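Protein sequence lines, in the order shown, are assigned to chains A and B.
Okay, so the first sequence: first residue is 1 according to the working numbering, each after it adds one.
Okay, so the second sequence: first residue is 1 according to the working numbering, each after it adds one.
The hints are simulated quantities; they were obtained by calculation from the structure and are not laboratory data.
Treat the hints with care, since some could be wrong.
Stated by the list, open to error - Straight-line distance between alpha carbons at most 25 Å, and here's what the computed DMTMM-like set of lysine to aspartate or glutamate pairs gives: (1) A/K57 to B/E92; (2) A/K15 to A/E44; (3) A/K57 to B/D82; (4) A/K57 to B/D31.
Claimed, not checked - Stretches of chain B that chain A covers, calculated by requiring three or more beta carbons in the stretch to come under 8 Å of a beta carbon on chain A: (5) 40-50; (6) 77-91.
This structure is a prediction, so every number in the text was calculated from the model and none was measured.
Glycine included, every Cβ here is placed at the ideal spot set by N, Cα and C.
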Amino acid sequence: GAGVSQSPSNKVTEKGKDVELRCDPISGHTALYWYRQRLGQGLEFLIYFQGNSAPDKSGLPSDRFSAERTGESVSTLTIQRTQQEDSAVYLCASRGVGNRVRGYTFGSGTRLTVV
Amino acid sequence: LAKTTQPISMDSYEGQEVNITCSHNNIATNDYITWYQQFPSQGPRFIIQGYKTKVTNEVASLFIPADRKSSTLSLPRVSLSDTAVYYCLVGEDNTDKLIFGTGTRLQVFP
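Assemble the whole structure, with the sequences as input and the hints as a guide.
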């Protein structure tokens, strides 16, 4: 598609439930990133995919967080047994082969609220 | 990636020029300076990048002194639609991930 698409745009879930967040990157973009942004804060790096492999998972905050990617397409971020501190906007970005630092295209994010 | 320091917030009025300065004392030889802009309820987007001296595009100008320990993003004649958070990032141009600080929240008033 023309941009990075994320779904759902908003998600309210009860504490302890599992959630799945989806990211559709720009077609042909090999690199895909997940970031978390708490209210009023900057972006916190979670995980990076190159193709369907994840060379950098250093930002995942706990083993309740996992992510996968199918080929060079859709990625899913899963949060198990959600906690209230997981409430945030989860942003996905994709990037093509060239234009490293300037080449990120972000989606509009999924706003997750854990009640 | 080099640590950056920028003001938490700034206020301005429509039509004024806004200058946001970022400090990056530990910038390395291969590092570039990149600015991203984030509107409410959207992801960040690239606005400008430079290595030294001055860079200008249709959106902004970026001024970088000779020692490169700081940089200034200049927005000419801001409008209400320039209300956003502006992030300064410093790192190699071929880095695999961006590290964002807390940014500068610019509020433009009528």
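Now the hints, each set against the structure:
no.: 1; hint: A/K57 to B/E92; in the structure: 20 Å, holds
no.: 2; hint: A/K15 to A/E44; in the structure: 22 Å, holds
no.: 3; hint: A/K57 to B/D82; in the structure: 34 Å, violated
no.: 4; hint: A/K57 to B/D31; in the structure: 23 Å, holds
no.: 5; hint: 40-50; in the structure: holds (count 7)
no.: 6; hint: 77-91; in the structure: holds (count 3)
Hint compliance for this structure: hint 3 is the single one not met.
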